[in-house]
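Enquirer: Given chain F, put chain A in place with the hints provided.
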Amino acid sequence: MTVRFFATIRTYTGETERRLDDAPATLRELLTALAARYGTLFRRAAFAGADLNPEIIILVNGRNVLYLRGLDTALSQDDEVSIFPMVAGG
Amino acid sequence: MFGWTGTILRVDLTKGTITREATDPKLARDYLGARGLGGHILRSEVDPKTDSLGPDNKLVFAPGPFTGTFAPSAGRFNVVTKGPLNGVLAASNSGGSFGPELKYAGYDALIIEGKAAKPVYLWIKDDQIEIRDAAAIWGHNTLDTTDLVRAETDEDAKVSCIGPAGEHQALLACIMNEMHRAAGRTGVGAVMGSKNLKAIAVSGSGAVKVADPERFKAAVMKARKLIQAHPVGGAGLKAYGTDVLVNILNQVGALPTRNYQDGYFPTADKTGGESLAAKQLVRPKGCFSCIISCGRVTKVDNPAYAGYGEGPEYESAWGFGSDCGIDDLDAITKANFLCNEYGIDTISLGSTIACAMELFERGFITAKDTDGVQLTFGNVAAMVEMTRKAGEGEGFGAKLAQGSYRLAESYGHPEYSMTCKKQEMPAYDPRGVQGIGLNYATGNRGGCHVRGYTIAIEVLQNGAVMDPRITEGKAGLDITFQNLTAALDSAGACLFSTFGIGAPELAEMLSAVTGVEYSVDEFMKIGERIWNQERLWNLTQGYTTADDTLPERLLKDPIKTGPAKGEVNRLGEMLPEYYQLRGWDDKGVPSKAKLKELSLN
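These protein sequence lines map, in sequence, to chains F and A. Numbering follows my numbering, in which position 82 of the first sequence is assigned residue number 82; successive positions increment by one, without gaps. Numbering follows my numbering, in which position 451 of the second sequence is assigned residue number 1451; successive positions increment by one, without gaps.
Okay, chain F solo, but in the shape it has when bound (with noise of 0.2 Å):
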C-alpha cells in the first residue's frame, strides 16, 4: 500500500509518501496508526473526537472516502491512499 501526502499534511509528516507492506484492513486504522507515528497535528488533521475531520479529503484510489464507507472503509495491499487537507483555487 502507498499512502501519500499533500500540500499541509506533509510538513507533519515530513515526507510525501509512504509504503506499507502490510495494509491495515480499515482506513480507521491506517489514520490511527499514522497519527501514532506523526504525532499530534497529524492526529488533529485526520481525526474530530472518533470521528474523520470533515476537513481532510482522503482519497482511495481517486475515490474520496465520504462516497466510500468513511472511517470504515476497507482497505488492502493494492490501494493507493492519497491524503489532503481541504485545498481549493480556480
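Source of the hints: derived by calculation from the structure; they are not laboratory data. Quick reminder that beta carbons are idealized off the backbone N, C-alpha and C, glycines included. Treat the hints with care, since some could be wrong.
Okay, the calculated beta carbon distance ranges per label pair [to be verified]:
hint	chain 1	residue 1	chain 2	residue 2	range
1	F	74	A	1585	41 to 49 Å
2	F	80	A	1371	37 to 45 Å
3	A	1371	F	43	51 to 59 Å
4	A	1302	F	33	35 to 43 Å
5	A	1476	F	66	15 to 23 Å
6	A	1472	F	21	37 to 45 Å
7	F	33	A	1585	51 to 59 Å
8	F	54	A	1221	18 to 26 Å
9	A	1126	F	39	57 to 65 Å
10	F	41	A	1601	53 to 61 Å
11	F	78	A	1592	53 to 61 Å
Expert: Frame of chain F; chain A shown alone:
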C-alpha cells in the same frame, strides 16, 4: 447613491469626446455593476451583429458596489464587450486595484466606444480626462507600458493595458492591470487593440459612500472572520496558491493531460503548489482589500528560464504543464511570465499549444508548419518558444494566438480543439467530474470554470459534497453556482471569498453598502437575471442547443489511465433537466414567463 458613485464616464475615441451621465438607480439595483451592469449597457447599446473588432463594438470597464470598500477582497472589476473569440456577451473579471481606483475617481463604469485614428492612452484623474498620444508606448510589453504610462502621468496611477498580443488583435489577448493581474478570457485585449487604445491610467481622490457604515462594518467583520477561519480562505490559498489543485485533481483522475487525451499525469506533483512554494515562491500577494492572498510572487533562477514575476495559477500550470505533457515547473513559470508580458490568456494558449502538439503527433501538421519546431508533447523548449511566438504574433505563433478552434479547423480537424463555444476549457476533466462538464457545456462565455465552480462541491468538499461520478442533482448544482457567481461577480466580490462566506453574507454586505435591502432570494434572482441576459445575447449570435455540448472526445473516449479510467461525461443525462430547471424550452430559449419573472426582454 451609496455603493455606486452615480456617474458613468463615456469616451468616444473616434470623435475624441468625453461625456458623463447619471447611473440609472433602477438598473444599478437590478444589475448591481461589473458583469451585470456592463452586460446591460452592452446589450442596450451594441448591435449583436456588430463586428467585435470594429469601431461599433464597445468596451466597458465596470467595478461593482463592493469595489473599493473594505469588504473582503473587494478589488474586482469586469471588462465587458462583444467577445471576439466567439461573439458572446463577454465579461472578463480581474482583481488588482484598478477597479477601486476607478470608483475613487468617481465612476461606476467607463464606456469606451469608437476607434482612435492612432495609438492613444487614456488618463483619468478624477474628473479630468485626457486622451493622450501613445506612439512612444505602442509596441511595449505590459510591464514597460505600465512604467511608461506612470512616468507620464502619476507614479501611483493604476494602469490597465494591452501588450503586443492585444496590439496584434490576437483573439486570445488579455487586458492586464497592475502588471500581473489579467482580465484574461474571451479576447477582450483584442477589442482594446482594435480601438488603438494602449492603456488606461486612473487616479482617484474620492471615496465610496456607504449607506449604513455601522451595519456594513459589522457585516464585513463577520465575513472576514468566516473567511479567515476557513481552512482554504484563511491559510491554504496563502500558503500554496491555486496551484495546490494540481495534485488533488490528478489524484481523482481529472487532470487533463496531453490535450485531454488522458486524465492522469504521473509526474504532476513536480508542477503543483507544493513544489512552487518550495522552489519559486518569493511571497504571497493579495489584491486590493484581500485577506486571502492567493497570488504568487515568483522567481526562477534556472538560467534557461530565469525570470521574476507573478504566477503561475493552477490553470496556467496545467495549460503549460500536464496538458502539454510537461512537468518542468521552471519552464511553465517562464511561459506564464511571457503571457503576462505579452498580454495573452494562459488557459487558452496552453490548451492551444497542446492542440498543436496533438495535430503534430498525428501528422496533420509538420515542422514545415511550425517554423521547424518539433512540436511534440513533453518538448519543454518548444512549448516556451511557441508561447513567445504567439505573443509576438510571429510565424506559426500567429495561428496559435487565434485559439485552438481556428487552428485545428484550418487543418481540417476541429475535433482536436478542446473548446466549448470556441473557448478553451480549463483544467478539470469532465469525464472524471460530471457536473463541471455540464457547466462547460452551458457556459455562456464558452469553456470556463469560474462561472459555475462545481468543483468546490464535487471534489473539494467545500461546505457540502456530491459524488463527482454521478449526474443526479448536477443540473441544480450548476444553476445555483452559475446564479450565485453572476451576482457576486456583479457586486464586485471575489469568487474566492466564497471559501468562507455565501449568499447570506454577500446579501447583507450589499444591503449595508447600498442602502437597498437585498434578501438572499433577491440576490440570487439578480444572478439568474444576469445569466439569462447573457443567454439572450448569445442566442442572437446564432448559438443553439447544439452548442451546449462538449468536445466529442469527452463524450465518447474514456479516460485511459489513472483513478477515473474508463469514465466519459454523461452530458445527456443532465442537460434536459438543466433547461427545465432554468425555465427554458427544449431549444434552450428562456420562456416568456421566465423573462417576465426576471424583468427581461
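Enquirer: Taking the hints in turn, state whether each one holds.
Expert: Comparing the hints with the structure gives:
{"no.": "1", "hint": "F/74 with A/1585: 41 to 49 Å", "verdict": "holds, 48 Å"}
{"no.": "2", "hint": "F/80 with A/1371: 37 to 45 Å", "verdict": "holds, 42 Å"}
{"no.": "3", "hint": "A/1371 with F/43: 51 to 59 Å", "verdict": "holds, 57 Å"}
{"no.": "4", "hint": "A/1302 with F/33: 35 to 43 Å", "verdict": "holds, 40 Å"}
{"no.": "5", "hint": "A/1476 with F/66: 15 to 23 Å", "verdict": "holds, 20 Å"}
{"no.": "6", "hint": "A/1472 with F/21: 37 to 45 Å", "verdict": "holds, 40 Å"}
{"no.": "7", "hint": "F/33 with A/1585: 51 to 59 Å", "verdict": "holds, 57 Å"}
{"no.": "8", "hint": "F/54 with A/1221: 18 to 26 Å", "verdict": "holds, 25 Å"}
{"no.": "9", "hint": "A/1126 with F/39: 57 to 65 Å", "verdict": "holds, 58 Å"}
{"no.": "10", "hint": "F/41 with A/1601: 53 to 61 Å", "verdict": "holds, 58 Å"}
{"no.": "11", "hint": "F/78 with A/1592: 53 to 61 Å", "verdict": "holds, 58 Å"}
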